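2 protein chains.
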Amino acid sequence: MSLLDELIQSLSRLPGVGKKSASRIAYHLLTTDQEFNTRLGRTIHSIRHHIIRCRTCGSFTQRDQDPCSICTAVNRDRSSICIVEHPQDVITLEATGAYQGLFHVLDGVISPLDGIGPEQLNFNKLLARIKDEGVTEVIVATNPTEEGDTTALYISHIVKELGIKVSRLASGIPVGGDIEYADRITIARSLRGRTILD
Amino acid sequence: MSLLDELIQSLSRLPGVGKKSASRIAYHLLTTDQEFNTRLGRTIHSIRHHIIRCRTCGSFTQRDQDPCSICTAVNRDRSSICIVEHPQDVITLEATGAYQGLFHVLDGVISPLDGIGPEQLNFNKLLARIKDEGVTEVIVATNPTEEGDTTALYISHIVKELGIKVSRLASGIPVGGDIEYADRITIARSLRGRTILD
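Those protein sequence lines, which keep their order, are chains A and B. In terms of the working numbering, the first sequence is residues 1 to 198. In terms of the working numbering, the second sequence is residues 1 to 198.
If you're looking for bench data, these hints aren't it; they were derived computationally from the structure. Note that this is a predicted model, so its numbers are computed, not measured. Worth double-checking, as some hints may not be accurate.
[What the hints assert, rightly or not] These stretches of chain B come out as covered by chain A in the derived footprint (C-beta under 8 Å, 3 or more residues):
1. 6 to 18
2. 24 to 35
3. 51 to 62
4. 180 to 186
Ideal Cβ positions, reconstructed from N, Cα and C, are used throughout, including at glycine.
Input sequences plus hints: build the corresponding full structure.
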């Protein structure tokens, strides 16, 4: 196998990149400037060395900043903790600027069919944090999927027992979306979660 | 800017990769095995060193095989030369297995608006090859675009003067396509280029 075939095969293993796009990217790399290839190649090679997971919340952070900048920030609301499935969800939520509390990354969801229970996830640390940091509200931001729902329910049971408020991100018709094209389950949820207008 | 942001920015410069897909790929690289990252990083870094352009036809070839395997093949039809815009077109046409002749890569198309005339393309080499190699048919495989058409016309004029047959890839409704959804220009072309059934 030539190096070009190897490159195309490796690229097509990336998420969202099929065989055709992989070829297109490979041909682009063959005609782009070498400086770009050098930098991209080095970054891909070393990214996992430089970007690690925060020891406290589990989100991505630079190797020289652990715990991460959110966990160590002095101006954030430490009474609220938002639970997400994956470290990238922290970046997505942060980009909105709509949340000022802390985060906790579960690293997955409860999925009995895949043999993933609370023990396989980052739960023990979560409970310790809730108790230690004086948290008064837990926001569950798992995805509105079957596994995300199960996980949210599980967290809700545990956290309520500790006498702490639990909430979950609203699920419904996306802003700019169309009721006509929304699926029935989403519409049903948006009805259940309707908000009072005043 | 963190290395993660730099990676996302570099990835989003690749063809067909937007900001969202770039983030998705970057997060994937942060969780995949380091061995994959090492190999992909090294391949991207060194691909332009190992894969070069054939000195004869201009298609991609390994550094230790120049002229390329098509130009040096003993079992190919050397009387026919297929002219393409880009080196990747050679790979696409080869994959069909429907052509057994030689190739020639123009490295673009004639585009007066962009200041690209025959002098900016790989034309002189083409004429030399046609004369030297005893070519009897030239197949123009430029894209069915305005520039591709202009280029085909230009080649046709020159090559006919040499008393050599010139043909062009058929343009029409794609196999599996639907006349109802084809544009008028494509349908008009498919009418002009209709083939006799027997």
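Against the structure, the hints come out as follows:
1. Under the rule that three or more residues need a Cβ within less than 8 Å of chain A, the assignment of the region 6 to 18 of chain B holds, with 9 such residues.
2. Counting residues of the region 24 to 35 of chain B whose CB falls under 8 Å from any CB of chain A gives 8; the rule of at least 3 is met.
3. Counting residues of the region 51 to 62 of chain B whose CB falls under 8 Å from any CB of chain A gives 3; the rule of at least 3 is met.
4. Check result for the region 180 to 186 of chain B against chain A: violated, 0 residues qualifying (beta carbon to beta carbon below 8 Å, three or more required).
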